[in-house]
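Hey, can you work out the whole structure from these sequences and the hints?
Quick note, the sequences are listed as chains H and F, same order. Sequence positions in the first sequence follow this note's numbering and run 1 to 269. Sequence positions in the second sequence follow this note's numbering and run 1 to 250.
Since no wrong hints were added, every one of them can be taken at face value.
With a straight-line cut-off of 30 Å between C-alpha atoms, the simulated DSSO-like cross-links for lysine-lysine are:
| no. | chain 1 | residue 1 | chain 2 | residue 2 |
| --- | --- | --- | --- | --- |
| 1 | F | 185 | F | 99 |
| 2 | F | 232 | H | 195 |
| 3 | H | 195 | F | 215 |
| 4 | F | 232 | F | 185 |
| 5 | F | 232 | F | 215 |
Simulated coverage check for chain H against chain F, where a stretch passes if three residues somewhere in it have a Cβ under 8 Å from a Cβ of chain F:
| no. | region |
| --- | --- |
| 6 | 182 to 190 |
| 7 | 213 to 221 |
| 8 | 235 to 245 |
Examples of chain F residues toward chain H, derived with CB under 7 Å:
| no. | residue |
| --- | --- |
| 9 | 38 |
| 10 | 173 |
| 11 | 200 |
| 12 | 204 |
| 13 | 242 |
| 14 | 243 |
| 15 | 244 |
| 16 | 245 |
| 17 | 246 |
| 18 | 247 |
| 19 | 249 |
Hints are computed from structural coordinates only; laboratory data are not their basis. From a predicted model like this one, the values you see are computed outputs, not experimental measurements. Note that beta-carbon positions come from the ideal geometry of N, C-alpha and C, so glycine has one too.
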Amino acid sequence: MADLLHIENLTIRHAGLPLVSSVSLSLAPGERVGLIGESGSGKSLTALAAIGLLPEGMTASGSILLAGQQVVGAADRDIVGLRGTTVATIFQEPLTALDPLMRIGDQIAEVLRRRARRDGRPVSRAGIANEVAALMARVALPDPARLARAYPHEMSGGQRQRAAIAMALACRPSLLIADEPTTALDVTTQAEVLKLLEALVREENMALLFISHDLPVVGSAVDRVLVLRAGELVEQGPIGEVFGRPRHPYTQGLVEAARAFDRAIGAAL
Amino acid sequence: MSLIDLDAVSFAYGRGRNVLDGIDLRIDAGRNLGIVGESGSGKTTILRLLLGLARPTSGQISFRGEPLDLGDRSFMRGFRRAVQAVFQDPYSSLDPRQKVADIIAEPLRSLNIDTDIDAAVAEALASVDLPLDAAVRYPHEFSGGQRQRIAIARAIVSQPELVLADEVVSALDLTTRIRIVDLLKSLSERTTLVLVSHDIGFVALLCQDLVILEKGRIVEQGSARDILSAPKHPYTRRLLDSTPRLPDFT
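Right, here's the structure in full:
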């Protein structure tokens, strides 16, 4: 089957300087891939490039095929249709991803209406309301009827991220990009949201591109992982190989550091 | 003797509900203490109380057995010399307009400590593994991890007995984080650390004792080894179960 996302020799430059250099990666439908790296590694830029949303002043070269459509050099009107249908993104900070002036239920409804419009499906007000309620239940938001009328600032961080996930699901994407989706959350909330994401990705058979600096979090969410450092791909492979027998000294350092924290609480296992 | 005691301490902001409720804890010299909690647990408020930046609504805080009297200037000068702090965000905790030498020397100047300032700054820089020429540079010239080293140098320059560290590695990358842990480990040979953090793995690397906070109450406290090997409170167990670990692939 053709790759859902196929990136070849992606280089991203800003003011002539390369921020990402010759990165290649591919994702088949339903595949779960992790992109790990520390700050400045280019992991988020790679994801933004994949959906044609690089910040102003940055240029991409190479090839990015998203559902067969070339993204590099494409006009925005040619790829805007892919965003919110083929691919949906969840960002680190749900507070900045949600509209502060709009009730949560309305925000989810807006995505549902757009998707229906693109599919050419007719929608009724009651139908949308039912779908909103169903999606909110799906992401385990408590008391959906009340929360649908809440504004983002009236919700907890975990609830906001669940709402953002509901909006991503409303797109019915084949590819879900999750950029540090649990980094801003408390550890107990993080565990719940990770479990939810894992279940949803499996049930909906979505491909997942999971971006994180946190090795243990990535380790539980994906099958294959790519390690980026300062814009360059240093290692990739199945999660068990990369984390179990890292070859590159940089990956070895990362794994060793993560293991040191694990060992400190290891007695609890 | 204990350095700091909290005895039935409660705290409320204004007329609101108690954000800390009946906190009993003691900080002993030579035993690092980790205060672990999630958002809303009251860990920042405990830190403010421990730094003498707020008064408890009820209960008492003592320093070396004497009640902490925020109005007694000479007592508080002794307290501030003995108790220093490092904060989470090294991008906002260092004055961008001051040279590193002046930032590090600040506690010496504000506490009127009679010492050779240049020598003290040089020693502090060496202790945190920064080169001497860092002294004449500005914070923006340094990376996040290096800035956190500068903040630590400032905290230890007055040779305090206690350093309070508030989420000091949360803003740092993993590899930087482990180096700061090593630095803190070597510092704890000469000063006692109180680490306030949501990250039980980080705290467990450095602390002999733990306090687990949930919604303003201590749900469990004791030696780190006991709590990690046999957590008693359901919340502690949930916290430990939720902490992601690298699966064993070998």
